[in-house]
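Residues per chain are reported as follows:
Protein chains: 2
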Amino acid sequence: MKQSHLFTKTRREAPKDEVSKNAQLLIRAGFIHKEMAGVYSFLPLGLRTLNKIVGIIREEINVIGGEEVYLASLQDKKNWVPTNRWDDAVVDNWFKTHLKNGTELGLGFTHEEPLTAIMKDHIRSFRDLPRAVYQFQTKFRNEERAKSGIMRAREFLMKDLYSFNVDQKVHINFYEQAKQAYVKIFERIGLGAKTYITFASGGSFAKYSHEFQTLTEAGEDTIYIHEGKKIAVNKEVLNDEVLKDLGISRSDLVEKKASEVGNIFSLGTKFSDALGLVFKDVDGINKPVIMGCYGIGPGRVMGTIAEVYSDEKGLIWPESVAPFIVHLIALSNKKAVEGVEDQVKKVADEIYAKFIKRGVEILYDDRDATAGEKFSDSDLIGIPTRYVVSEKTIANGEVEMKDRKTGKVEMVKISDFK
Amino acid sequence: MKQSHLFTKTRREAPKDEVSKNAQLLIRAGFIHKEMAGVYSFLPLGLRTLNKIVGIIREEINVIGGEEVYLASLQDKKNWVPTNRWDDAVVDNWFKTHLKNGTELGLGFTHEEPLTAIMKDHIRSFRDLPRAVYQFQTKFRNEERAKSGIMRAREFLMKDLYSFNVDQKVHINFYEQAKQAYVKIFERIGLGAKTYITFASGGSFAKYSHEFQTLTEAGEDTIYIHEGKKIAVNKEVLNDEVLKDLGISRSDLVEKKASEVGNIFSLGTKFSDALGLVFKDVDGINKPVIMGCYGIGPGRVMGTIAEVYSDEKGLIWPESVAPFIVHLIALSNKKAVEGVEDQVKKVADEIYAKFIKRGVEILYDDRDATAGEKFSDSDLIGIPTRYVVSEKTIANGEVEMKDRKTGKVEMVKISDFK
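One line per chain: the protein sequences are A and L, in this order.
Mapping the first sequence onto the working numbering, position 179 (from 1) lands on 179, and the numbers just tick up by one.
Here the working numbering = 1-based position in the second sequence + 418.
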């Protein structure tokens, strides 16, 4: 698209109350708008990147058999009392509201309960299993503090997948598939090298759960990484038993700060018992369904990328999640005499048309602005590849290409653009 | 997809408290789940149809220059006090909630205020206009009564577009473009013939607003239609002055019940004045931005389609919004001797593979169920074209094709499937 049509402007300063680097950069670059602490709106560039992340997750979850749904935010008490998660003394991050008749409603902070209730209508026998159901849906969490930008918001998009299986063996098989899907997702998103499968507390039904932790100083978690095995242990569970289970020694571990970009969790029969989700097995006997849950917050992932891939000039998007792949900058020929065609604009327009024709996502800075403004905006927005068209470059029949990540510059022949 | 992989089952009866036809049919067919009165979750078939509607709207709004955003649901009082819309005595359908420190928050029922506040960061001069910004986003409205299924929900997806222009003339030009985009949208969705541009109250800044009203007995509005001119007048504004303005006489009008599937509204400077959204004009003088808003509820559209296109057997989707285009039904050969290949399954599998290869969205009923169950499920779900493969049809080298809408049946040669 032409940048003159993009409604967002960059800004020099983020709001004074914004202390996180990810939100500061994303606000300054026009990706997001801060509504209040922990509440952000996504503007066109931000929504493009968010949708890229969502698209990658959706593809990989579909590969492992996920069926997509979209559940309501407003929550009925009846599904939450049986699991003892309605009471604010038990779950301390509910947002609650009321119908006009006084009925108390909740805003979903997760969806195990309502989905388990839905599945009761659709699972009767072992023939109806396995099932894997997921959604991209807004969660509300009444966080006491919200100082990590979009890495910990009070309202945020979440991909939550839930699995339903006949027994523990089949469950573990799916759990491993989901784990591998997550590995693929973070690789494709560009966080693979910095993301560790991290052993964490498993709750009542499994010894461990698995977190996907991305190394960053902005992370809220402390983990102990084992470089050789490319695994980690969450500080919360680090003890001799865990070390023994994993066959590693304390001295091989390095303490790091990290951001939990995903987690997978065996739920056992916790929810199916409480809400009565049973199936008739081959032997004709009713058994509780074995469940698992698998979360990724696309907004937190985006915030983590902003923390990990940025420099003093701005954001540096991996190509797979960049809002655009190419940033084309025309440094307009100010000296052009009126009535004489602007050659820089002509060449830039032609290159733009060629990229569009090839289906390349391109942002074309056609604005009436100085070279300095265009370059600093471009660095701040962080599109992977930048082409600059100026009088100087076209004099040699060339365009300058610069890689945002490496800073490497090379000249490309105008005739090479097809 | 294979129907054995679809987790939803159809049901004979909708919940007893569900009185609307659209929700009864959509629940029975497994498109939606009722969480409580006015609150519905979308299951895989329902989400597919909802996404088709969203996709059509997005395409047409992009054509008129819309830029997509995704704003937060949680609302800060500061944006709503200046327009006098925070007070529950003024706006009676707020859902309100609280942060832990006691700060009152709202759940957005519309987004004029927060978007106007955002645009203050991005509009400075006439060069930054025009702008058209839209989103697909969940609205919350604390309705006193919610008895129309997904046609009036307490939580629902809305496409809300807002326009920002330098003056009334440019605004009206965009307003007309939006009106034509809406006409196209409802045509593409399949509601064109039954949808009337309806003159309604214009508020402080325009004589009229325009509603898009689809004729259905389930509608909550009463309108007076003029068949010849294909326009209508909302009962609320029907008077001699309106008749004169439109050059029509009362005797040509017919009273009808209708559902408001969309509306477009001139906002003038109501929000820009209240929130201080100004731009510097060519003459160097600050002027308030002229705004308009343009809404469509994809869920209400889906509910209206269910009301308008259904019969005693179930739903009848227009092809453009059907969850799948083709429903392939294999009536498995029960008499097949073990070890002998099931010819019906073999032919159906081959036809399925061919449709998939061509990229046709197909639901393949491969389940172990009776012909009666498969036919009644297929009629209820309402996919436009059904192919039935049975021993009888393949004996003639054929497959039966049936049109859900017309009921017309014809035989198709198996060799014709490419």
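Treat the hints with care, since some could be wrong.
[Unchecked claim] Straight-line C-alpha distance at most 30 Å; calculated DSSO-like pairs for lysine-lysine: (1) K405/A with K392/A; (2) K77/A with K439/L; (3) K496/L with K2/A; (4) K518/L with K270/A; (5) K565/L with K78/A; (6) K313/A with K538/L; (7) K514/L with K147/A; (8) K270/A with K427/L; (9) K705/L with K77/A; (10) K495/L with K287/A; (11) K77/A with K538/L; (12) K147/A with K313/A; (13) K496/L with K21/A; (14) K495/L with K16/A; (15) K21/A with K518/L; (16) K496/L with K9/A; (17) K439/L with K9/A; (18) K653/L with K96/A; (19) K653/L with K179/A; (20) K100/A with K705/L; (21) K357/A with K287/A.
Hint data in this document are derived by calculation from the structure and do not stem from the laboratory.
Results for each hint:
A C-alpha spacing of about 24 Å is found between K405/A and K392/A, which places the hinted pair at or below 30 Å, so the restraint holds. Using a Cα cut-off of 30 Å, the hinted pair K77/A and K439/L holds, with the two alpha carbons roughly 26 Å apart. A C-alpha spacing of about 34 Å is found between K496/L and K2/A, which places the hinted pair above 30 Å, so the restraint is violated. Simply put, K518/L and K270/A have alpha-carbon atoms about 29 Å apart, close enough for the 30 Å limit, and the pair holds.
Under the criterion of a C-alpha separation no larger than 30 Å, the hint pairing K565/L with K78/A is consistent with the structure, at around 21 Å. Simply put, K313/A and K538/L have alpha-carbon atoms about 25 Å apart, close enough for the 30 Å limit, and the pair holds. Of the pairs offered as hints, the one joining K514/L and K147/A holds, with about 23 Å between alpha carbons and a cut-off of 30 Å not exceeded. Among the hinted pairs, K270/A with K427/L is consistent with the structure: their alpha-carbon atoms are about 24 Å apart, no more than 30 Å.
For the proposed pair K705/L and K77/A, the alpha carbon gap of about 50 Å is over 30 Å, so the pair is violated. In summary, the hint linking K495/L to K287/A is not supported, as the alpha carbons are separated by about 50 Å, beyond the 30 Å threshold. Only pairs whose Cα atoms come within 30 Å are accepted, and K77/A paired with K538/L is rejected, the gap being roughly 40 Å. For the given pair, K147/A sits about 22 Å from K313/A by alpha-carbon distance, which is consistent with the 30 Å threshold.
Between K496/L and K21/A, the direct Cα distance comes to roughly 25 Å. Compliance with the 30 Å bound is thereby established for this hinted pair. At roughly 20 Å between alpha-carbon atoms, K495/L and K16/A fall within 30 Å of each other, so this suggested pair holds. Of the pairs offered as hints, the one joining K21/A and K518/L holds, with about 25 Å between alpha carbons and a cut-off of 30 Å not exceeded. With a C-alpha separation of about 23 Å, the suggested pairing of K496/L with K9/A holds against the 30 Å cut-off.
In summary, the hint linking K439/L to K9/A is not supported, as the alpha carbons are separated by about 48 Å, beyond the 30 Å threshold. The straight-line distance between the Cα atoms of K653/L and K96/A is roughly 38 Å, outside the 30 Å bound, and the hint therefore fails. This hinted pair does not check out: K653/L and K179/A have alpha carbons roughly 58 Å apart, beyond 30 Å. At most 30 Å may separate the alpha-carbon atoms for a hinted pair to count; K100/A and K705/L exceed this at roughly 41 Å.
Our distance criterion of 30 Å between C-alpha atoms is broken by K357/A and K287/A, whose separation comes to about 57 Å.
In summary, the numbered hints that this structure violates are 3, 9, 10, 11, 17, 18, 19, 20 and 21.
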